[in-house]
Amino acid sequence: MELISKKELLAQTGISYGQLYRWKRERLIPEEWFIKQSSYTGQETFFPRQQVIDRVQAIMRMKDSHSLEEVAEFLNTQDRFEIDVESALAIEGVQRRVPQLICTLTGRDRFTPAELALVNEICRYADCSGLPCDVFSELLSEMLRLLASNAVYDLICTLFRHSGGYHIVFTKGATAPVFDRGVEVCLSFALGERINFYKARLVAIGGQEKGDQHGNSEN
Amino acid sequence: METLRIDGIRTIDGGEYDRVQVDGIGKCRGNIKTRTIDIDGMFRCEGSVEAEQFDCDGTVKISGNVRAGRIDIDGIMTVTGGTKIESGEIYCDGIIRINGEISADRIEADGCISACEIVGEYIRIHSHGHWLMSFLGFARSKIDLIEATGIELRGVVAGTVNGRNIVIGPGCKIENLDCSGKLRVSPKAQVGTISGNFTKED
Numbered sequence: 001m002e003l004i005s006k007k008e009l010l011a012q013t014g015i016s017y018g019q020l021y022r023w024k025r026e027r028l029i030p031e032e033w034f035i036k037q038s039s040y041t042g043q044e045t046f047f048p049r050q051q052v053i054d055r056v057q058a059i060m061r062m063k064d065s066h067s068l069e070e071v072a073e074f075l076n077t078q079d080r081f082e083i084d085v086e087s088a089l090a091i092e093g094v095q096r097r098v099p100q101l102i103c104t105l106t107g108r109d110r111f112t113p114a115e116l117a118l119v120n121e122i123c124r125y126a127d128c129s130g131l132p133c134d135v136f137s138e139l140l141s142e143m144l145r146l147l148a149s150n151a152v153y154d155l156i157c158t159l160f161r162h163s164g165g166y167h168i169v170f171t172k173g174a175t176a177p178v179f180d181r182g183v184e185v186c187l188s189f190a191l192g193e194r195i196n197f198y199k200a201r202l203v204a205i206g207g208q209e210k211g212d213q214h215g216n217s218e219n
Numbered sequence: 001m002e003t004l005r006i007d008g009i010r011t012i013d014g015g016e017y018d019r020v021q022v023d024g025i026g027k028c029r030g031n032i033k034t035r036t037i038d039i040d041g042m043f044r045c046e047g048s049v050e051a052e053q054f055d056c057d058g059t060v061k062i063s064g065n066v067r068a069g070r071i072d073i074d075g076i077m078t079v080t081g082g083t084k085i086e087s088g089e090i091y092c093d094g095i096i097r098i099n100g101e102i103s104a105d106r107i108e109a110d111g112c113i114s115a116c117e118i119v120g121e122y123i124r125i126h127s128h129g130h131w132l133m134s135f136l137g138f139a140r141s142k143i144d145l146i147e148a149t150g151i152e153l154r155g156v157v158a159g160t161v162n163g164r165n166i167v168i169g170p171g172c173k174i175e176n177l178d179c180s181g182k183l184r185v186s187p188k189a190q191v192g193t194i195s196g197n198f199t200k201e202d
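So the sequences go chain by chain: A and B.
Oh and the first sequence: position 174 is 174 in this note's numbering, straight run, nothing missing.
Oh and the second sequence: position 135 is 135 in this note's numbering, straight run, nothing missing.
It is worth saying that the hints were derived from the structure and are not from the lab.
In this text, a Cβ means the ideal position worked out from N, Cα and C, and glycines have one as well.
Treat the hints with care, as some may be off.
[Claimed, not checked] Looking from chain A toward chain B, a few residues come up when the C-beta cut is under 7 Å (computed): (1) T13; (2) G18; (3) Y21; (4) W23; (5) R25.
[Stated by the list, open to error] Stretches of chain B that chain A covers, calculated by requiring three or more beta carbons in the stretch to come under 8 Å of a beta carbon on chain A: (6) 44-56; (7) 114-123.
[To be verified] A few chain A residues that don't get close to chain B, going by computed Cβ distances all over 10 Å: (8) E8; (9) S16; (10) S38; (11) D64; (12) Q100; (13) C186.
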């Protein structure tokens, strides 16, 4: 698991100590993400890098238009609200082919943020690797069926290659699985944080009007 | 919800109240959740305390966590175990002792604080070395880690101080300090290593 120090996190995201600790008190950033490790000055605090950056970005997008209690509820509930193709295409970072691909794979015209997060991350990987997305169609179809029956999204999603074929595994917790040399790990991400990332962007699109009415920039 | 008033010596199980008033000697075996809690006598809670307003002019000992909107301590608050105090604001003219973390947006102490960590937005601790504090063995505040956006310290012994704008006043002894904004250090303070991208002020 790649870690980021507290100091680096503040520098990279531009948030203050006050904001970080306020968000910890309000349970917007889980306490278990504050990982203490020994250093020459005593103890230093680190965080799971991608998860905390995604979380901070999601909070930053929402805090000006929502109270901290609303943001906490939004981030910590595993809701299943559904998105249509048009809304998904308006979200920054979603590939153009992804919403329609999900509809084709699921046979539905609306889908959940979890389904969007999974398919978009795999398609982004396919793009970076120069692979056609069709390579993953069957695999994605199967994983989407599994996701539909799973109520918990606090999972690490890992795409790996073994014996010439691609596979996906979902594991619990904050640490990616460790494989032997015969396995090539292609992509690993925290599904829950990716879901919050896309949810926050979706709210930001729909939340522009609310932001004009009450500003919570001190949060 | 009811008001709980303890005038004599009484033990309760815990529960949810509108107001808790302790003028005598009280003991609570469980958790307490209340709108306000006012301690003028002695109170011991074996669970956690959650309140909008927490006032202590007497002595309070809590085994669990403390979570409040505002905490005012003119007496002595002791939180035992590796637990925490979380509040919007904390004002301390008395003594706070915790073997854990104090986290608040605003902490202003003219008394004495002993803690592992004090973190938040703005922290001002001016421990004056009052004769009573010296008698009780609490001349200066002792904290392992202080981290906040704004920090002002006097009479504080700390392992590490990290912040954006920091003022280290007389009587302070700091091992490590990291500042990312403005830094002022009194010539009557001792600071070990200083790091960070800061502007020194006189």
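Structure-based check of all given hints:
{"no.": "1", "hint": "T13", "result": "13 Å, violated"}
{"no.": "2", "hint": "G18", "result": "3 Å, holds"}
{"no.": "3", "hint": "Y21", "result": "5 Å, holds"}
{"no.": "4", "hint": "W23", "result": "11 Å, violated"}
{"no.": "5", "hint": "R25", "result": "5 Å, holds"}
{"no.": "6", "hint": "44-56", "result": "violated (count 0)"}
{"no.": "7", "hint": "114-123", "result": "holds (count 4)"}
{"no.": "8", "hint": "E8", "result": "12 Å, holds"}
{"no.": "9", "hint": "S16", "result": "4 Å, violated"}
{"no.": "10", "hint": "S38", "result": "13 Å, holds"}
{"no.": "11", "hint": "D64", "result": "18 Å, holds"}
{"no.": "12", "hint": "Q100", "result": "46 Å, holds"}
{"no.": "13", "hint": "C186", "result": "38 Å, holds"}
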